[in-house]
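Enquirer: From just these sequences and the hints, can you work out the full model?
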Amino acid sequence: EVQLVESGGGLIQPGGSLRLSCAASGFTVSSNYMSWVRQAPGKGLDWVSILSGGDRTYYADSVKGRFTISRDNSKNTLYLQMNSLRAEDTAVYYCARGTRGYSYGSRYDSWGRGTLVTVSS
Amino acid sequence: QSVLTQPPSASGTPGQRVTISCSGGSSNIGSNVVNWYQQFPGSAPKLLMYGNNQRPSGVPDRFSGSKSGTSASLAISGLQSEDEADYYCAAWDDSLNGVIFGGGTKVTVL
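Residue numbers (our numbering), protein chains in the order written: chain Y, 15 to 135; chain Z, 1332 to 1441.
If you're looking for bench data, these hints aren't it; they were derived computationally from the structure. One thing to keep in mind: the hints can contain errors.
[To be verified] Once the Cα atoms are required to be at most 20 Å apart in a straight line, the calculated SDA-like pairs of lysine to any residue come out as:
#1 Y/Lys57 x Z/Pro1372
#2 Z/Lys1377 x Y/Val19
#3 Z/Lys1377 x Y/Arg114
#4 Y/Lys57 x Z/Ala1416
#5 Y/Lys78 x Z/Leu1427
#6 Y/Lys57 x Z/Lys1437
#7 Z/Lys1437 x Z/Ser1402
#8 Y/Lys57 x Z/Ser1352
#9 Z/Lys1377 x Z/Ala1406
#10 Z/Lys1437 x Y/Gly56
#11 Y/Lys57 x Z/Ala1341
#12 Z/Lys1437 x Y/Ala54
#13 Y/Lys57 x Z/Gln1369
Expert: Pasting the structure below:
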């Protein structure tokens, strides 16, 4: 069974850093493109970043230069390093698995339950 | 990041047909497939439709999808109370090199 479990969220002051983790089971993270998608309270889905099948990374303009997506194949875990956090980064962050056989795309067939990041002083 | 345009709300009575539109541009819907997600309050999104009009296993056939040019739509035929949820369209954008989501449509069953 495919499972994605996010962790690492919490309350952080503006300008601070957090690293989110997404532990995967039931598949290998290196076999699929993987993304982080966030959702601010009461708002819609907002794509953050993708780690493609060819190990290329892409970011939303709103986080470019501040966030870094990566994975550790030995731990089968996806990460999101978030620096210079702002109040507008407050959201539930979901880890999502892309479709196997494609390098990138918008089709995510498995999602974690999310981890809440609150940026506030 | 740019968004795809969806109506904020849609509604119908049980058994009715409801259609949700998703409007984009040449760099996203016009050149890539559209996927749809269903989300219940407090839960993660779930893939509802992929490749414009393909249903994942387990999705009832009352859900259907279509795409024409730079627009797509999701239809729910025979609306049921359990269909009350938020629905999002999504597509890859070749200009942005990223995924864009629609703003979401809240479906209410009257």
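Enquirer: For each hint, tell me whether it holds in the structure or not.
Expert: Each hint, compared with the structure:
no. : hint                  : result
1   : Y/Lys57 x Z/Pro1372   : holds (11 Å)
2   : Z/Lys1377 x Y/Val19   : holds (15 Å)
3   : Z/Lys1377 x Y/Arg114  : holds (17 Å)
4   : Y/Lys57 x Z/Ala1416   : holds (14 Å)
5   : Y/Lys78 x Z/Leu1427   : holds (12 Å)
6   : Y/Lys57 x Z/Lys1437   : holds (11 Å)
7   : Z/Lys1437 x Z/Ser1402 : holds (19 Å)
8   : Y/Lys57 x Z/Ser1352   : holds (19 Å)
9   : Z/Lys1377 x Z/Ala1406 : holds (16 Å)
10  : Z/Lys1437 x Y/Gly56   : holds (12 Å)
11  : Y/Lys57 x Z/Ala1341   : holds (17 Å)
12  : Z/Lys1437 x Y/Ala54   : holds (16 Å)
13  : Y/Lys57 x Z/Gln1369   : holds (14 Å)
Violation of the numbered hints given earlier is absent; every hint is satisfied by the structure.
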